[in-house]
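Using the sequences plus the hints, can you model the full thing?
Protein chains in written order, with full-length UniProt numbering: chain A, 1 to 339; chain B, 1 to 339.
No lab work stands behind these hints, which were simulated from the structure alone.
Note that this is a predicted model, so its numbers are computed, not measured.
It cannot be assumed that every hint is accurate.
Any copy, or any two copies together, can satisfy a pair, since identical chains are not distinguished.
Stated by the list, open to error - Mimicking DSBU-like on lysine-lysine, the simulated pairs with C-alpha atoms at most 35 angstroms apart in a straight line are:
{"id": "1", "residue 1": "LYS255", "residue 2": "LYS211"}
{"id": "2", "residue 1": "LYS211", "residue 2": "LYS150"}
{"id": "3", "residue 1": "LYS211", "residue 2": "LYS291"}
{"id": "4", "residue 1": "LYS123", "residue 2": "LYS34"}
{"id": "5", "residue 1": "LYS254", "residue 2": "LYS211"}
{"id": "6", "residue 1": "LYS255", "residue 2": "LYS123"}
{"id": "7", "residue 1": "LYS291", "residue 2": "LYS123"}
2 protein chains.
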Amino acid sequence: MKSYNVAVAGVTGAVGQEMLKILEERNFPVKQLKPLASQRSVGKIVTFRGEKIPVEILSTESFQGMDFALFSAGASISKEFAPLAGQEGCIVIDNSSAFRQDPDVPLIIPEVNPGAIVDFRKKNIIANPNCTTIVTIVPLKPLHDYGRIKRVVASSYQAASGAGAKAMQELEDQVKEYAFGREMVAGVFPYQIAFNLIPQVDVFLDNFYSKEEMKMVWETRKIMGEPDLQITATCVRVPVLRAHSVSVNIETEKKITRDKAIELLSAFPGVTVQDDPANRVYPMPWLVSGKDNCYVGRIREDISCPNGLTLWSVGDQIRKGAALNAIQIAELLIEKKLV
Amino acid sequence: MKSYNVAVAGVTGAVGQEMLKILEERNFPVKQLKPLASQRSVGKIVTFRGEKIPVEILSTESFQGMDFALFSAGASISKEFAPLAGQEGCIVIDNSSAFRQDPDVPLIIPEVNPGAIVDFRKKNIIANPNCTTIVTIVPLKPLHDYGRIKRVVASSYQAASGAGAKAMQELEDQVKEYAFGREMVAGVFPYQIAFNLIPQVDVFLDNFYSKEEMKMVWETRKIMGEPDLQITATCVRVPVLRAHSVSVNIETEKKITRDKAIELLSAFPGVTVQDDPANRVYPMPWLVSGKDNCYVGRIREDISCPNGLTLWSVGDQIRKGAALNAIQIAELLIEKKLV
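The following block contains the structure:
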């Protein structure tokens with residue numbers, strides 16, 4: 001079986017670390033692993049398949065001879081290095097927002113729009129969607145295929161992990177400070193996140209939506225291939241460690257009953273239906289942490305709208321929302337013999 | 001000035017305790033205070049205006065000579081004792097769900113539907129709405145009066161306090177257990193609430209909505225006097241101590257711009273607008289705890305719907321969501337010279 005040289009840029013972050021774990025778990029055919037990070041991480045060592053590998057500084061030379069580069073080091077690093085890597089024939093799978101709206105860059109969730117991947121050769125870059133978008137769209141795809149979604153109203157409950165490893169640490173630290181009766185200090189988040197909710201994820205735009213909220217709009221349209229799909233979202237940070245939850249209300253052209261929705265969702269790859277409310281079965285972030293699928297529950301016909309349907313989707317932000325989806329994109333390229 | 005004999009049933013609970021505090025803070029004209037609770041609380045003492053008063057067992061005799069009885073001891077206690085108290089001429093303000101749908105019982109938010117209070121004489125009972133309903137409706141009222149709301153889609157982020165003092169303690173205990181590296185134990189909530197979200201508040205009904213979600217539907221229609229208003233809600237418990245937050249999306253008959261909404265909300269009693277997102281000004285439960293008003297922010301025109309508007313409302317569940325609203329109802333009766 002063919003194997004590949006894989007660079008991971010941003011390897012010391014929460015998503016980078018999870019990428020190594022997932023490459024191992026899924027027996028991704030790695031020939032050589034090249035862990036890359038910024039100057040700050042010089043001297044760090046990562047362990048991959050039992051082997052200790054020193055972290056290298058990300059540079060213009062880093063991608064020579066690499067087949068894949070998984071980027072998770074922020075949009076500015078991606079903008080600087082991803083095109084270079086691509087020009088050298090290395091396929092970049094980029095977890096940042098840098099190229100998601102680029103018409104020459106496919107934006108892929110393998111379960112949702114695998115066909116769109118064939119266009120990757122223009123820049124040798126494939127973009128990994130925003131984590132909240134992934135957790136929202138995976139369950140919407142089979143519903144859209146059946147009943148055609150006209151409008152989506154979403155409210156998110158986003159874990160600290162979406163802001164990185166330091167943000168998760170900040171939540172843990174604040175909780176400990178509280179337990180020990182000390183003052184809770186905020187640094188990564190603009191305000192205390194323990195026992196609190198922050199209705200801001202990313203910066204605000206001219207229309208008073210946050211960029212995170214508009215990413216859900218822009219990316220959903222691109223991934224679904226529906227430029228006119230109507231979407232509104234409110235994105236909120238909650239004191240949860242690593243799984244994102246979304247309360248989603250949709251209106252469809254064709255009525256979708258609860259039973260039909262359960263049937264469609266149960267048959268869809270990447271979705272686990274957990275929906276038996278009378279027995280207190282519904283998805284919760286604490287239990288979905290570390291899981292691969294999007295967990296969907298609270299499925300019900302909307303009493304306020306003839307063709308409305310409401311559901312609750314929870315997905316591990318670091319796995320399906322980031323690292324896992326990126327590696328599934330690489331697997332898809334291999335499966336389709338595009339690499 | 002006339003003063004009144006006030007009984008507080010359920011005085012040892014989170015809401016009962018807050019009622020005493022608010023009666024003091026607002027200089028409510030209390031002649032005699034009678035603290036009432038169940039057998040379990042015998043021997044407990046409450047402090048009111050510096051005076052120590054022993055808690056009495058709630059009984060059929062408790063309401064003789066009382067002018068007001070503030071009930072916050074659960075629906076079954078209210079069903080048993082509120083009608084008795086009412087028959088003896090004592091005006092019951094009931095914080096439970098027992099009488100909210102009774103056509104002979106007004107359901108009142110003083111800022112929203114003060115006029116409806118005049119019907120209270122049929123049973124001498126006035127119902128206090130559900131806490132999440134209050135936090136949602138207070139800001140909707142001026143928007144409805146201006147633009148006529150057709151549909152509401154709400155997702156709640158409900159604090160532990162909504163399940164009582166023991167539930168708040170459970171969240172604090174779990175956080176401490178986590179900080180000390182011990183197992184987190186659930187008791188009041190069906191699952192761990194620290195670092196988690198539970199998409200269940202109250203029991204589930206045949207339409208797969210929870211009772212809490214349907215309370216928002218039923219109570220909003222009754223309070224607004226709009227039996228055909230279309231509402232859907234998803235209610236979620238979050239690891240926050242005592243303020244509820246709601247992400248609310250509305251469609252109106254007449255377009256409401258962001259500026260108009262801010263103007264209407266700023267002028268409405270009981271609402272504080274906190275909306276300057278570029279400067280990170282928006283309501284958060286940690287800072288709204290202990291406050292009287294509903295704090296409203298993230299106000300914006302919905303990009304998915306021509307006459308849509310989206311906002312984020314946060315209110316202290318124990319105060320405006322329960323104890324304060326009950327006492328404001330009593331004040332309204334006095335103000336209108338109905339007592």
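Outcome of the hint check:
When the C-alpha separation of LYS255 and LYS211 is checked against a cutoff of 35 angstroms, the pair qualifies both within a copy, at 32 angstroms, and between copies, at 24 angstroms. In this assembly of identical chains, the alpha carbons of LYS211 and LYS150 lie at most 35 angstroms apart whether taken from the same copy (22 angstroms) or from different copies (28 angstroms). When the C-alpha separation of LYS211 and LYS291 is checked against a cutoff of 35 angstroms, the pair qualifies both within a copy, at 27 angstroms, and between copies, at 30 angstroms. Taking the shortest alpha-carbon separations for LYS123 and LYS34, only the intra-copy value of 21 angstroms comes in at or below 35 angstroms, while the best inter-copy value is 77 angstroms.
In this homomeric assembly, LYS254 and LYS211 come within 35 angstroms of each other (Cα to Cα) both inside a single copy, at 31 angstroms, and across copies, at 28 angstroms. Within a single copy, LYS255 and LYS123 get their C-alpha atoms no closer than 41 angstroms, and across copies no closer than 44 angstroms, so neither meets the 35 angstroms cut-off. In this assembly of identical chains, LYS291 and LYS123 lie within 35 angstroms of each other by CA distance solely inside one copy; the values are 32 angstroms within and 54 angstroms between copies.
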